[in-house]
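Undergrad: From first to last, the protein sequence lines stand for chains A and B.
Take any residue in the first sequence, note its place counting from 1, add 769, and you have its number in this note's numbering.
Take any residue in the second sequence, note its place counting from 1, add 769, and you have its number in this note's numbering.
Watch out, some of these pointers could steer you wrong.
[To be verified] With a Cα cut of at most 25 Å, we get these calculated SDA-like pairs of lysine to any residue:
{"hint": "1", "chain 1": "A", "residue 1": "Lys969", "chain 2": "A", "residue 2": "Pro1072"}
{"hint": "2", "chain 1": "A", "residue 1": "Lys969", "chain 2": "A", "residue 2": "Ala1082"}
{"hint": "3", "chain 1": "B", "residue 1": "Lys969", "chain 2": "A", "residue 2": "Asn902"}
{"hint": "4", "chain 1": "A", "residue 1": "Lys969", "chain 2": "A", "residue 2": "Trp837"}
{"hint": "5", "chain 1": "B", "residue 1": "Lys969", "chain 2": "B", "residue 2": "Thr1063"}
{"hint": "6", "chain 1": "A", "residue 1": "Lys969", "chain 2": "A", "residue 2": "Gly1022"}
{"hint": "7", "chain 1": "B", "residue 1": "Lys969", "chain 2": "B", "residue 2": "Glu842"}
{"hint": "8", "chain 1": "A", "residue 1": "Lys969", "chain 2": "B", "residue 2": "Thr904"}
{"hint": "9", "chain 1": "B", "residue 1": "Lys969", "chain 2": "A", "residue 2": "Thr904"}
Derived from the structure by calculation, the hints contain no laboratory data.
Given the structure is predicted, the values throughout are model-derived calculations rather than measurements.
There are 2 protein chains.
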Amino acid sequence: LAESRSLGDIGEHAFLARLCARLRERAELRSGVLVGPGDDCAVIDAPTYPLALTTDALVENVHFRRDWLTAGELGRRSVEVNLSDLAAMGATPTYTLVAVGAPPDVPADYVDELLDGCVAATEAAGGVLLGGNLTRGEGLSITVFAIGRHEGAYMTRGGALPGDLLVVTGTLGGAAAAVDAWQRGDRPAPALRERFVAPKARLAAGRAFANAGAHAAIDVSDGFLADLEHLCRASRVGAVVERERLPRLPEVGALDASGEDFAATGGEDYELLLACPPELESRLVQLAALCDVTLAVVGRLTPAEEGIVLLDASGAPHHPRRAAGHDHFRAGESRGGA
Amino acid sequence: LAESRSLGDIGEHAFLARLCARLRERAELRSGVLVGPGDDCAVIDAPTYPLALTTDALVENVHFRRDWLTAGELGRRSVEVNLSDLAAMGATPTYTLVAVGAPPDVPADYVDELLDGCVAATEAAGGVLLGGNLTRGEGLSITVFAIGRHEGAYMTRGGALPGDLLVVTGTLGGAAAAVDAWQRGDRPAPALRERFVAPKARLAAGRAFANAGAHAAIDVSDGFLADLEHLCRASRVGAVVERERLPRLPEVGALDASGEDFAATGGEDYELLLACPPELESRLVQLAALCDVTLAVVGRLTPAEEGIVLLDASGAPHHPRRAAGHDHFRAGESRGGA
């Protein structure tokens, strides 16, 4: 087997020229793209909708280790975590840009596959990858910028009211359980690995709930309780949540039953947490079918002064063993290595 | 003097909450900003112009060292290098997003000043900083995403024709001469330092030349010859350039006279290189006054088969001692340390 050539072997300009030619051809076939990747800027035609803009980064040894997932999976994941922010606002993805930092010894094939993953995730969501940037870095990092359009209503973290239902898409805690297995030197169960390496932004659900009149939404990236706290702070409300109702894969259920709190505190699930007026309850079955996603009512919003309360099966307050959410700047709480 | 608290001391969420509150208030005062920093996405009202989109990153020990410039200067520079890409297309800045990677021991004050610099540069150009992302990284890195609008014509790297004049704004080589001094352990002359720490995107010139009918443009980030090569490749033309005509500060002139080639090969000047139809020559004095920038005609475009030729004062081909432009992935050519 021939060794793949590294970025250092090929050189920045030669590698970029090849990469841009490939990406530009794809992008400029799409309507609205006046100038694709490879120039000083991309240029898009005037959109006629409000635009949602977001950025999120994945950093090696902070958010992932290279041996946890393939280059293609890493590229798709880098885009999906950004699309998840668009989903939380109810937006439809239109464009992405990708800024990669890489050490010189990274194989050029690796970066190609990474970018292919970024393109695949962008295009699967109906968007166009418009370009980006490549620079040397000490570790691998991928910073994605995503733009979406709002054809209908949009949601923010604010706007939730006491009495609203708390609805969660999909399942919680699987990604964190996979990371925990890797960090202990184990191989995560396939279903858990999948939750980490292949999150799917809940775009259809975001749009459907925004248009159905949901009051507020956030994507679960820091962990359910941490993101619930963000939503409650922005909306000036409290919340009561039943721990048993948090949706879990069977593998996560077993771990949480034996003392863990992956569903309540594990991050990087990229599901949506939605605050819905009570009259939406009767439409949840229909919305779940429409959006091809499971939906779980996990609690209810309360007045701000009641704070955030997590109840165990007996109805007593449950205090998670681990802090709610992780903080990448605090060594004791950081996950993902380093 | 009290020690400034680090990001690790304060924690990601507390720091971000404070930062976003500050940025959000500023941004939401501006028309067109429906949701400012601090939510899952920013939301802007539908623009009615074609949009230019770009991203560029500054990485510690690759593009800068922290002791070369203040946090505020680094923030402004991070934005200006992106606005320079907008200038090269003839666009007017509208929005920026900033993704910061930082080690946990970075003082929170440092990140605040860095962001203040990003806000200042964005607002000085008439734009709004819409938000961003903060993550842990091994070194400091700032990835900016900039959006501009085209009220008039836009330029690309393609479109230049044989016979076009090559026009350069400002002066070349100063930033590279400053970096060279730092790397030799010297202190650069104040005028050279200024060229590195405080580049100014040539936005007025970009707009004016686009509307005056310039055929092509690129910003000089990799180095004059390297960026000329990019423009020539995209336009399928060659070029002949007179080395003596490259505009230089006196300090750069002295270095280049003694065997250096900072003006021809040094990067990070963030000036514009423009391909102009010959009939624009008579309007250059007026354009320079209008845009408050010096303009130099440095050469002329030729048919592609003539390649790129740099002539010395005697009219003989000049071969720069250093490779044209730098390649961050090739150790021998990389600048900025590490």
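Undergrad: State for each hint whether it applies.
TA: Verification of the supplied hints:
{"no.": "1", "hint": "A:Lys969 / A:Pro1072", "result": "32 Å, violated"}
{"no.": "2", "hint": "A:Lys969 / A:Ala1082", "result": "30 Å, violated"}
{"no.": "3", "hint": "B:Lys969 / A:Asn902", "result": "20 Å, holds"}
{"no.": "4", "hint": "A:Lys969 / A:Trp837", "result": "18 Å, holds"}
{"no.": "5", "hint": "B:Lys969 / B:Thr1063", "result": "13 Å, holds"}
{"no.": "6", "hint": "A:Lys969 / A:Gly1022", "result": "21 Å, holds"}
{"no.": "7", "hint": "B:Lys969 / B:Glu842", "result": "12 Å, holds"}
{"no.": "8", "hint": "A:Lys969 / B:Thr904", "result": "22 Å, holds"}
{"no.": "9", "hint": "B:Lys969 / A:Thr904", "result": "22 Å, holds"}
Consistency note: the structure conflicts with the earlier hints numbered 1 and 2.
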